[in-house]
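Chemist: Sequence:
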Amino acid sequence: MLAQIISHTPIWVWALLAFLIYRGVLASVDRELTLKKLSIIPLVMLALSWQGVSTVFGVTPLPVLCWLLAAAVAASLNWRLFRKDRVIAYPERGVVFQRGSWLPLILMMGIFLTKYAVGVTLAMHPALAHDVAFTALVCALYGVFNGMFIGRLLRVVSLYHRAQQAPGVYNGQLNG
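Residue numbers (this note's numbering): 1 to 176.
Derived by calculation from the structure, the hints in this document are not laboratory data. Keep in mind it's a predicted model, so treat the numbers as computed, not measured. Glycine included, every Cβ here is placed at the ideal spot set by N, Cα and C. Hints may contain errors.
[To be verified] 25 Å max Cα-Cα, derived SDA-like pairs, lysine to any residue:
1) Lys115 / Glu32
2) Lys84 / Ile40
3) Lys37 / Glu92
[To be verified] Across the chosen pairs, the derived CB separations fall in these ranges:
4) Ser158 / Gly58: 30 to 36 Å
5) Glu32 / Leu62: 28 to 34 Å
6) Val29 / Val73: 27 to 33 Å
7) Leu154 / Leu17: 25 to 31 Å
8) Ile11 / Arg93: 37 to 43 Å
9) Gly100 / Leu128: 47 to 53 Å
Sequences and hints are given; from them, build the entire structure.
Modeler: So, in structure tokens, the structure goes:
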């Protein structure tokens with residue numbers, strides 16, 4: 001059955017997986033990025049998961065509410081737990097230095113695997129698309145992954161803007 005599932009998977013899905021792995025490995029090393037580049041993956045993952053929610057479950061109250069609540073909780077937690085020492089803003093150069101992390105890869109794989117598993121599950125059991133528990137679980141899962149990305153991105157943007165307003169001080173550390 002696994003071979004059949006894999007053989008029926010479109011080629012573009014494997015290309016997307018390769019791209020996400022590449023970007024996740026890239027995020028695992030220390031690097032400097034502009035805010036624009038930093039926001040690309042969170043926005044791509046937001047689009048991917050939202051496309052999964054809206055096309056499978058529709059833009060109706062249950063999926064939207066489950067996604068929003070889970071995203072809000074995850075974003076809030078990530079905002080609070082984010083280690084500020086992992087980012088140094090250099091607004092004069094228009095970049096942030098970000099310590100490497102495997103978290104983006106984990107989150108990307110979470111969204112990818114959720115989307116893939118939902119697709120396979122619904123191909124085998126189409127009636128689950130109308131099951132309240134399945135809908136709530138899947139939409140909440142997408143929301144958690146996206147909320148983690150959103151919370152992280154918002155925290156970095158906040159640190160960057162704070163550094164812009166207080167030249168010479170970055171994330172509570174004196175730039176010397």
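Chemist: List in ascending order the numbers of the hints, as given earlier, that are violated by the structure.
Modeler: 1, 5 and 9
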